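Order-wise, the sequence lines are chains C and E. Residue numbering for the first sequence follows our numbering, starting at 440 and increasing by one per position. Residue numbering for the second sequence follows our numbering, starting at 1267 and increasing by one per position.
These aren't lab readings, by the way, just hints derived from the structure by calculation. Treat the hints with caution; some may be incorrect.
Label pairs and their in silico Cβ distance ranges [said to hold, decoys possible]:
#, chain 1, residue 1, chain 2, residue 2, range
1, E, Met1552, C, Ser534, 55 to 61 Å
2, C, His530, E, Ser1350, 34 to 40 Å
3, C, Arg522, E, Lys2109, 53 to 59 Å
4, C, Arg522, E, Glu1499, 39 to 45 Å
5, E, Ser1892, C, Asp561, 36 to 42 Å
6, E, Glu1962, C, Val481, 17 to 23 Å
7, E, Val1894, C, Gln463, 51 to 57 Å
8, C, Gln463, E, Pro1296, 39 to 45 Å
9, E, Thr1470, C, Gly543, 49 to 55 Å
The structure presented is a predicted model; accordingly, all values stated were derived computationally and were not measured. Glycine included, every Cβ here is placed at the ideal spot set by N, Cα and C.
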Amino acid sequence: MIATIQDKFVTATIGGQLFALPIQRVQELFVPERVMRVPLAVAEVAGLLNLRGRIHTVVDMRCRLGLSAQPQHDNGGVSAQRRQVALSVEHKRESYALLIDEVGEVMQLPAVDRDENPANMDAALAQASLGVHRLEGRLLVVLDVDRLLDFDLHSLAPKAAA
Amino acid sequence: MDELLRDFLTETGESLNIVDVELVRFEQEPNNKAILDNIFRLVHTIKGTCGFIGLPRLEALTHAAESLMANFSEGRPVTGDAVSLVLASIDRVKSLLDHIERDQKEPEGNDRDLIGALERMADATSGDDQPELPRPLRPAPVSRAEVERALAALRAEEEKSMTSGNADCTAQPDSLGVNGQQIAGSDRGDGKVANQSIRVLVETLEHMMTMVSELVLTRNQLNELVRHHEDSEFKIPLQRLSNVTAKLQEGVLKTRMQPIGNAWQKLPRLVRDLSTELGKAIELEMHGADTELDRQVLELIRDPLTHMVRNSAAHGIESSEQRVATGKHKRGTIRLSALHQGGYIIIEISDDGRGLDVDRIRARAVAMGLVSETEIAKMPDVQVHRFIFNAGFSTADAITNVSGRGVGMDVVRANIDEIGGTIEVKSVPGRGATFTIKIPLTLAIISALIVEAAGDRFAIPQLAVAEIVRAGRDQKHRIEYIKGAGVLRLRDKLLPLVHLKTLLAISDSADFEDAFIVITQVGSQYFGIVVDRVLHTEEIVVKPMSGKLRHIAMFSGTTILGDGAVILIVDPNGIGQTIERTEVSLRGEENGLDTIEAEVVREQVVTETMLVFRAGSTTQKAIPISLVTRLEEVDAGSIEMSNSRPLVQYRGQLMPLVAASSETRIKSEGRQPLLVFSDARRSMGLIVDEIVDIVEDVFEIELACGEPGKLGSAVIKGRATEIIDISHYLPMAFDDWHDWQQDEVRIAARSVLLVDDVPFFRNMLAPVLKAAGYAVTSVASGRDALALVTGGRRFDIVVTDIEMPGMDGFQLASALRGDPRNAGLPIIGLASTVSAETMQRGKDAGLRNYVAKFDRQALIAVLQEQTADSVRAA
Chain C
440 MIATIQDKFV
450 TATIGGQLFA
460 LPIQRVQELF
470 VPERVMRVPL
480 AVAEVAGLLN
490 LRGRIHTVVD
500 MRCRLGLSAQ
510 PQHDNGGVSA
520 QRRQVALSVE
530 HKRESYALLI
540 DEVGEVMQLP
550 AVDRDENPAN
560 MDAALAQASL
570 GVHRLEGRLL
580 VVLDVDRLLD
590 FDLHSLAPKA
600 AA
Chain E
1267 MDELLRDFLT
1277 ETGESLNIVD
1287 VELVRFEQEP
1297 NNKAILDNIF
1307 RLVHTIKGTC
1317 GFIGLPRLEA
1327 LTHAAESLMA
1337 NFSEGRPVTG
1347 DAVSLVLASI
1357 DRVKSLLDHI
1367 ERDQKEPEGN
1377 DRDLIGALER
1387 MADATSGDDQ
1397 PELPRPLRPA
1407 PVSRAEVERA
1417 LAALRAEEEK
1427 SMTSGNADCT
1437 AQPDSLGVNG
1447 QQIAGSDRGD
1457 GKVANQSIRV
1467 LVETLEHMMT
1477 MVSELVLTRN
1487 QLNELVRHHE
1497 DSEFKIPLQR
1507 LSNVTAKLQE
1517 GVLKTRMQPI
1527 GNAWQKLPRL
1537 VRDLSTELGK
1547 AIELEMHGAD
1557 TELDRQVLEL
1567 IRDPLTHMVR
1577 NSAAHGIESS
1587 EQRVATGKHK
1597 RGTIRLSALH
1607 QGGYIIIEIS
1617 DDGRGLDVDR
1627 IRARAVAMGL
1637 VSETEIAKMP
1647 DVQVHRFIFN
1657 AGFSTADAIT
1667 NVSGRGVGMD
1677 VVRANIDEIG
1687 GTIEVKSVPG
1697 RGATFTIKIP
1707 LTLAIISALI
1717 VEAAGDRFAI
1727 PQLAVAEIVR
1737 AGRDQKHRIE
1747 YIKGAGVLRL
1757 RDKLLPLVHL
1767 KTLLAISDSA
1777 DFEDAFIVIT
1787 QVGSQYFGIV
1797 VDRVLHTEEI
1807 VVKPMSGKLR
1817 HIAMFSGTTI
1827 LGDGAVILIV
1837 DPNGIGQTIE
1847 RTEVSLRGEE
1857 NGLDTIEAEV
1867 VREQVVTETM
1877 LVFRAGSTTQ
1887 KAIPISLVTR
1897 LEEVDAGSIE
1907 MSNSRPLVQY
1917 RGQLMPLVAA
1927 SSETRIKSEG
1937 RQPLLVFSDA
1947 RRSMGLIVDE
1957 IVDIVEDVFE
1967 IELACGEPGK
1977 LGSAVIKGRA
1987 TEIIDISHYL
1997 PMAFDDWHDW
2007 QQDEVRIAAR
2017 SVLLVDDVPF
2027 FRNMLAPVLK
2037 AAGYAVTSVA
2047 SGRDALALVT
2057 GGRRFDIVVT
2067 DIEMPGMDGF
2077 QLASALRGDP
2087 RNAGLPIIGL
2097 ASTVSAETMQ
2107 RGKDAGLRNY
2117 VAKFDRQALI
2127 AVLQEQTADS
2137 VRAA
């Protein structure tokens, strides 16, 4: 079995759960500074930040994946307490910063070892998940970047005079 | 792929698009020999090249098509069937080319079917004359040089037949020019146009754009640093850097711009085919085909536009019988238009068909479970229309090949969404429907006011800001409360107020004590946005809103400030819409409050940037820096005298110099500072003693009466300063300065009537118009203007401000139009902001066009266009 790059993933811990993202889609790992909160935005969007001149939409992964929110002070947009990290990805020609709790190691996760989503998986999570891997004692959820970031397309119905 | 083959594919593809358009035109004008010759030439060249490269199938096919057209050339009647057949052959050629692109060779098989049909048609139309013996399929062997010449000639032909003169930069994603250089022009000299353009990879331009963007951001950072130092020697070079950066940005942006006509190329053919297929008479009108937009955006809207045109043809336009029965012209019209407006491109697709069937949309929406019966009964038609943008929505009974598949409008909307645009539909039953697409021009740089609310900073586009007022208990302006809502009494008018932090739901506690109020104008609507602090104005690069945030009406984009912070750009339109709702509830209740709508706030507060200098006497002088092309310093020793007039060699030309004052002595040694004024072809230098400073502020200019060279005076940096009138000096450099600008159109000096109640603007615009060669008469009010015209004075064109007390621009236009003698008189409106409603109002009032007040170049261009038109009409 030759290890291919399609099977290489970056793992991350979010809300106590282990996730994996295809390494080819992840551009970098960084500590987000000065996240500007956007008033009136959907809950999944934590705000915007500037990384070397490129504006990234910051996505709160806990919210997006239906996990419990991180306890945090409400001090206007800068993530508090624990130092969060973010993974930068690109989707439909825009840049996004995915807020995670901790980054894990890079792992080889061949598709053949992947199982279907368990039937009792949370709907929001299942929508973005490609499947799960059983690692010693832990369950790891593999995420699809594009489906992960398509979360507002359901709301295309006409808004009553927005 | 072989480079020659690649080039051939690109060139031929482009030619075929032109042939398509030309064939449709030819069908409508069968007697137009020029069109036919053009088509013939193109097809002939394609055939020849095919022969050389070794593509026998293509060669045979194009040969047969060419023979058929040769018959037309000889005057044989042109039938719809014949044209259809030729079009079918062109389609076949295109599919063969696609195949060649994939496999680098022709597919197996032959085109006997088409060729046979073409030959039969040719025989049928050839009549009694002996048909020309077909030329041998294989011409004599040609050299590669000849092929390259042929390719270049092909290029030159298509450059010539492309109506837009935009042959500067054609970018193709996967092609390089032959040997990566310009393709040599043909010896016949037709290649002159081809020589002026070059093929560039889109990637290269992308890279340039990113670099320029970085430059702008860095420049902003420098500005930010310098801002904190009062007197810094960095200021002047930084200003120059600013100007240069802005121009560079403009230039690079232009390279990626292409006329929208390119996306429209295939549409005439499409409409023609649909007409035939559906048995309806449909005409396609295209306006503004040379409106430019970014190449990538162009690619993305091509399909949506095609889809909508299809829809119009299939569902919108009725059959001729139905149309005549309802009193319409038997031929339906689909109208495409594109124009630039305030940082956006507005594209309209409208038809005069039957409009959207609201009842069916209602029924379908309910059937699809999108809304309940009761809910939809309450919805106004305008809202119901929006349902068509839902996935799977289609009210067509039969899913035909043409459209009605139900996957249309939602995909269209998604595509437009992707480029940061919006789409709306307006429909009148029985009269037709109009789709309006609004796409932001990427990388716009605008001037914005940076404000602070609840600790966060926001940007408000300067164009929308009329005034900034401090309000509160101890202040001059009073805030009053009506039904709990705050309003500002400003010079006896009441403006609705809204707290920025309330609008954005950042903070609940919002009072109006000691607040800064940004008086904002959207169209004719005025209101005040209350903020905690007003910081400064800055030129910002507008980045489009993130896809996840685009639906928030309050914001129109984001930007990065000089200190690296990301902030949101507020959309005054969005705020205006919120206010409209509250206004409606306030209106008409109490006495005297019926007219909450503020009257025109006349005191337009404009910050102007003045270049301050010394020339001659001790009085300081100044000129608005926007009028100066460049600041220069030349070595005094390089100044020469010719006929006792000083000149200097400047950028390869001899530039005449004029002293700014009689007391100014040209230096004999050292560095001589100059203010350079340039136009399309030439420059002149104004000699000054010393450049003092560049000051940005609000100036109150007192006007001078008739003193040559002096516009007025103002207090700048605490000193009385003379504002000079540059139009006094320009003719001193060139006697024929006035003849520069306009060329063929000028028979006599065109006369312009300039109407504006603010003296500063009158005095700023009048010299600009004079310098452009117009005879200008200025008046201060709509009434005076009307009086002049009805009194018998004749003008070639009227340029009027819109917001004026007494009689506003719209009223003036209507009044002028009321007199049939003024029917052909072009009236141009000047506005500080332009919105869709004001455009419409303008059109209704009879304005020919709208120009932003501070856009000198646009004004000159529009004037030229308008006066050119009237010459042609004469």
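So, going through the hints one by one against the coordinates:
1. E:Met1552 / C:Ser534: 55 to 61 Å: This hint is violated: roughly 37 Å between Cβ atoms.
2. C:His530 / E:Ser1350: 34 to 40 Å: violated (45 Å)
3. C:Arg522 / E:Lys2109: 53 to 59 Å: Given range 53 to 59 Å: holds, Cβ gap about 58 Å.
4. C:Arg522 / E:Glu1499: 39 to 45 Å: holds (42 Å)
5. E:Ser1892 / C:Asp561: 36 to 42 Å: violated (59 Å)
6. E:Glu1962 / C:Val481: 17 to 23 Å: Violated: the Cβ-Cβ distance is about 40 Å, outside 17 to 23 Å.
7. E:Val1894 / C:Gln463: 51 to 57 Å: Distance hint for Val1894 of chain E, Gln463 of chain C holds at roughly 52 Å.
8. C:Gln463 / E:Pro1296: 39 to 45 Å: Since the Cβ atoms of Gln463 of chain C and Pro1296 of chain E sit about 58 Å apart, the hinted range of 39 to 45 Å is violated.
9. E:Thr1470 / C:Gly543: 49 to 55 Å: With Cβ atoms ~39 Å apart, the hint is violated.
In summary, the numbered hints that this structure violates are 1, 2, 5, 6, 8, 9.
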